[in-house]
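Novice: Respectively, the protein sequence lines represent chains A and B. Okay, so the first sequence: first residue is 395 according to this note's numbering, each after it adds one. Okay, so the second sequence: first residue is -5 according to this note's numbering, each after it adds one.
One should not assume that every hint holds.
[As the list claims (entries may be wrong)] Calculated from the model, a selection of chain A residues having no Cβ within reach of chain B, i.e. all distances over 10 Å: (1) K414; (2) A433; (3) P444; (4) G448; (5) D498.
[Stated by the list, open to error] Selected chain A positions facing chain B (in silico; Cβ < 10 Å): (6) L420; (7) M422; (8) D425; (9) S480; (10) S481; (11) I484; (12) M499; (13) S502; (14) S513; (15) P531; (16) N565.
Just so you know, these hints were derived from the structure itself, not from any lab. Cβ atoms here follow ideal geometry from the backbone N, Cα and C, with glycine treated the same way.
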Amino acid sequence: MEGEVNKLMQLKYMGDVGAKQAIEFLSMMLDMDVDMKIAAVNMSSIHSIPEVVGSGEIVALYTRFNGDINGTMLLLLTPDSALKLSSALIGDFPDEESEDLFNDMQKSASVEICNIITSAFIDVWANTFSIELTHNPPEFGYDYSDAIIDKALGDATKTGEFVVYFNSTLNIINMDINFNIMLMPDPGNLQTVFDMFENIDYHA
Amino acid sequence: MPIKIMIVDDSQFMRALLKKILVAEFTVVGEATNGIEAVKMYEKLNPDIVTMDVVMPKMDGITATSHIVKRNPEAKVVMCTSVGQEEKIKKAISAGAKGYVNKPFQAPKVLQEIKSVISA
């Protein structure tokens, strides 16, 4: 039990530092006041994702990261939250009509947010552990949660490995937008992460 | 004579963001969404300077830069790279890029780097 608590503390630390970095990147790019907080961190089986996010329609922004640790990072949020977030970013940019819920500019803005948050998290992990990590451009998905999880995680959903949830809130233009960041290292890679924690002082 | 600038980025949002920064001081003559489009558009529009994203579909920004510079050794290309992509910056400079800015970028830094490359 104590071991599990320590692991969650370690992951929470990484989440907090990642959020701090993301705030810096987002404020810089948008020239707006941005805040981001990690309210809680949990770790559970990948099969529990639909229980956490519900079975309804959801927006997923996902990307693969590769290097000394490999895996998938997903940002999951409700369609309403995704619309609020993209509208806040688009501001006075020229926008277009669309028959779909999300037009191309809204998708592009959402992907860029994911890109920045992923970059922030990846940078923190790479710097903390002195490892090499890169990530692919994120993809945008809008579908029922089980379909989107299958698409985003592919074969990984069949392996039953663990997923780390960071329950997060982004505050932008005085709007609170709740979302989940899910970090799913490939099989065996989560243990590599915990082994790396043994060699750093994450309280410093 | 207004300075003609071309924006190359696969992200519609990033293109809009860059355009918003650049239009105050330059004339944005074209926007390309991948390296292949960028090379064709460069030949057609002959801009004074290009902002070039690195990671793009079909043809990446480094390959596109090398094609552009092969056709015009005096071409001025400023790479827009994500932080932590130092290796890619080195490759881009080898391919002929004259400068770079890190994404996420701040407007004053983008303008400063572009002006510095133009006046070099």
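Novice: With reference to the structure, classify each hint as holding or not holding.
Specialist: Here's how the hints hold up against the structure:
Against chain B, the non-interface label of K414 (chain A) holds: every CB pair exceeds 10 Å, the least being about 14 Å. Its beta-carbon lying about 24 Å from the closest one in chain B, A433 (chain A) satisfies the requirement of being farther than 10 Å from that chain. Under the 10 Å C-beta cut-off, the non-interface status given to P444 (chain A) relative to chain B holds; the minimum distance is some 30 Å. A cut-off of 10 Å between C-beta atoms confirms that G448 (chain A) is not in contact with chain B; the least separation is 28 Å.
The claim that D498 (chain A) lies off the interface is violated: its Cβ sits roughly 6 Å from the closest Cβ of chain B, which falls inside the 10 Å cut-off. With its C-beta approaching chain B no nearer than about 7 Å, L420 (chain A) sits inside the 10 Å limit, and its interface hint holds. For M422 (chain A), the shortest C-beta to C-beta distance to chain B is roughly 5 Å, which falls under 10 Å, so the interface hint holds. Given the 10 Å rule on beta carbons, the hint for D425 (chain A) holds: about 7 Å separates it from the nearest Cβ of chain B.
Hint on S480 (chain A) holds. Least Cβ distance to chain B is approximately 9 Å, under the 10 Å limit. At its closest, the beta carbon of S481 (chain A) sits 12 Å from a beta carbon of chain B; the interface hint therefore is violated under the 10 Å criterion. Taken as an interface hint, I484 (chain A) checks out: its beta carbon lies about 7 Å from the nearest beta carbon of chain B, inside 10 Å. Of the supplied interface hints, the one on M499 (chain A) holds, with its beta-carbon coming within about 5 Å of a beta-carbon of chain B, less than 10 Å.
Below 10 Å, beta-carbon pairs count as interface contacts, and S502 (chain A) has one with chain B at about 4 Å; its hint therefore holds. Look at S513 (chain A): its Cβ gets to within about 6 Å of chain B, closer than 10 Å, so that hint holds up. For P531 (chain A), the suggested interface contact is upheld, since its CB lies about 6 Å from the closest CB of chain B, less than 10 Å. Restraint check, N565 (chain A) versus chain B: the minimum CB separation of about 18 Å is more than 10 Å; hint violated.
Checked against the numbered hints above, the structure breaks hints 5, 10 and 16 and satisfies the rest.
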